[in-house]
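Peer 1: Start from the sequences and build out the full structure, keeping to the hints where you can.
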Amino acid sequence: MTKTVLILSMLLTSLGTAAANLPDGDEIARRINARDEGLSVARDLTMRMTDRRGKSRTRETRGFRKYYGEDKRTVIFYLSPKNVKDTAFLTWDYADPERDDDQWLYLPAMRKVRRISASDRGDYFLGTDLTYEDIKLETRVSIRDYHRKTKGEDEVDGHPCYLLESTPVDAKTARELGYGKVEQCVDKEIWMTRRARFWDTKGKPLKTAYFRDIRKVQGIWTQHRIEVENHKTGHKTLFLFSHVDYQTLVSDKWFTRDALRRGL
Amino acid sequence: MTPAFSCLLLCGLLSAPALADEADISNFLNGHWGIGSNQGGTRFFELTWQPEARWRFDNGGRLTGITRLRWQTVAGMRPTDMERDSYSTASRPILTSDTSELELRELYYERGMGDWYLTLGKQQVVWGKTDGLKVLDVVDPQSFRKFILEDFDQSRIPLWTLNAEYAIPDWMGGDWTLQLLWIPDQSYHALPKPGATFAFHSPRLVPRPPPGVGVRLNAPKRPDRLIRDSDIGLRLSGFVAGWDLSLNYLYQYDNRPALYQRPVSGPLPILEITPKYHRTHVIGGSFSRAFGDWVIRGEMGYFSNHYFLDSTPGADQGLAQSAELSYVLGMDWSGLANTFISAQLFQSWLPHYHAGITRPRLDTSLTLLLRRAFWNDTLTAELLWIANTRDGDGLLRPKLRYEWRDNLETWIGMDLFYGDRSGLYGQFDDNDRVTINVRYGF
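If you read the sequences in order, they're chains S and B.
Numbering-wise (the numbering used here), the first sequence opens with residue -12 and increments by one.
Numbering-wise (the numbering used here), the second sequence opens with residue 14 and increments by one.
Careful, some of the hints might be misleading.
[Claimed, not checked] No farther apart than 25 Å at their CA atoms in a straight line, the calculated lysine to any residue pairs in the SDA-like style are these: (1) S:Lys123 / B:Trp388; (2) S:Lys240 / B:Phe70; (3) S:Lys240 / B:Leu175.
[Unchecked claim] Distance windows between CB atoms, simulated: (4) S:Gln234 / B:Arg124: 22 to 30 Å; (5) B:Asp166 / S:Asp200: 36 to 44 Å; (6) B:Ile354 / S:Gly221: 23 to 31 Å; (7) B:Arg124 / S:Gly145: 47 to 55 Å.
[As the list claims (entries may be wrong)] Derived, one-sided and incomplete: chain S residues facing chain B with beta-carbon distance under 7 Å: (8) Arg44; (9) Glu47; (10) Pro68; (11) Lys69; (12) Asn70; (13) Ala96; (14) Lys99; (15) Arg102; (16) Asp110; (17) Gly114; (18) His222; (19) Asp245.
FYI, nobody ran anything at the bench for these hints, they're computed from the structure.
Cβ atoms here follow ideal geometry from the backbone N, Cα and C, with glycine treated the same way.
Peer 2: Here it is in structure tokens:
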């Protein structure tokens, strides 16, 4: 009995020491957000949505993103299919946590740029399996919305990573985000998420996302493929990035309501 | 516009000009079937083909062309059931047969030059922030072929316009755009002929002759001087401290004609009606802002000169003149996932009013829109309710839309009018219908 307790004690001490050697959750989040994303980027994004019966829909877009200090502006123009072509979405994302983002949507059938509420960040982005908040954050994480802790280590596609567990700071935030818990597998070398698992506000598994085909473009680590599966609905979305360009500076004119209306 | 010229344009739009560096051509086929919800039977059956093309040039310019060929079989909804004199010659659709018409919807060249952005040609100019009802969205006239049931994108009558926009960044704490419009196109609202399915017969809108008196509708007296009768518009729009703002001014011929009435005595007494267009100044503004789950938005327009039907005996040709102040306050709520709820209060007030005017001094309408998306936005359920609180009439429009494939969507809906038949909506109480729509893009 004494021997068993001793072995268990040594094992726990060893695990504790290993966990203690891991960077804490906030440090991982800081490292993720400190990654170079370039001042601006232009890229094409194809979104392929497949329902549980195998029926697929594809959306092709062209998007631009640019940082203004800590603030960020993002615009996405739909190129196809014909029925949604010219739909465009603009976000001005502020670093100040007290300030709501400003968002506008242009629907060609209305011929109007419409102001939309930024608080529906837990809504799914135009039929995909990522939310408006997921799309907005891109490869970053929200510091103010979550408490974080490091759970251990894992491996995705042969890449060793830290397991970062994030829980919303309160029930209201959880409801807004639509998540009760998020577990990310963060690459130890490049500080990019390789896999993310999401649970709903009731603690049930919600969806899993894999971030693949991560390679350097113009010196910046860039994800080119995101695979998301919603475990509740069986719906999947494949995001494919191409023609990524960090070097050509994106004009400020793209991030205006006029540009949204005029289209590409 | 001659049929030969229209056909040439249609053919031209389908083949990219050799000078263009890049061409993007789209086609939309739309089938729309309406079945009477009371007595059954086909109330309308309509097929539309809308080819669209956009060419890009090396210098950054773009040329966009959109035409529409529409075929409608059921009497009361055919192209020949619409008044056509309200269109200018340059914008009038071509009757290709009794049941079909071809229309050049848009043809414009646009190009940015420094802080300027020019759009020249036949185009839609949309002002305002309201849904379903219009206050400032009066730059372009509208076809009332289906009353207000048709999407504004389709019912709006695009005009030949010079549209110049000048960007003013970092001015007065925000980013602004000044828009200048010059519209030499003298086209006005297209109204259904008497007897058409959606012909107006509310006493608010059309004169009612005494029993035994016939009606003769004359051709409208319309402005015809290209320069002197053109419209001019100005809009300053900007984004300041979280607010989307605009100030608008329009000097135009009112798109609604004044209906001058003259009794003609004889063996068979007749009331002669002559539509005539008048100048009006429109001064207004709009705003919108998001607060958490809410977006508030509104717009206001003051029209200096409108004409209303006047039933007072001895009234000057059956008309009364007044300015009109119209405004809308709207609130959108999206606090529940995939759900959108929007309500609007619309009011119109006449400062110079007397009891003989056939509409109330203060007219109030309410709209409520409920929309929820399901199955990753492939299925959308929607209910739109428009009600006039003065007359107690209104319109209910439930709709279910399903996206089958990338370019194929269908929806089934109902248009249900209710209330007093002398009201704006109640006048169409016999036109309740179930509609089925199929749209295919390629």
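Peer 1: All the hints need checking, so say for each whether the structure fits it.
Peer 2: A quick look at each hint next to the structure:
no.	hint	in the structure
1	S:Lys123 / B:Trp388	holds (22 Å)
2	S:Lys240 / B:Phe70	holds (19 Å)
3	S:Lys240 / B:Leu175	holds (22 Å)
4	S:Gln234 / B:Arg124: 22 to 30 Å	holds (26 Å)
5	B:Asp166 / S:Asp200: 36 to 44 Å	holds (39 Å)
6	B:Ile354 / S:Gly221: 23 to 31 Å	holds (29 Å)
7	B:Arg124 / S:Gly145: 47 to 55 Å	holds (51 Å)
8	Arg44	holds (5 Å)
9	Glu47	violated (10 Å)
10	Pro68	holds (4 Å)
11	Lys69	holds (3 Å)
12	Asn70	holds (5 Å)
13	Ala96	holds (5 Å)
14	Lys99	holds (6 Å)
15	Arg102	holds (4 Å)
16	Asp110	holds (5 Å)
17	Gly114	holds (3 Å)
18	His222	holds (5 Å)
19	Asp245	holds (6 Å)
Checked against the numbered hints above, the structure breaks only hint 9 and satisfies the rest.
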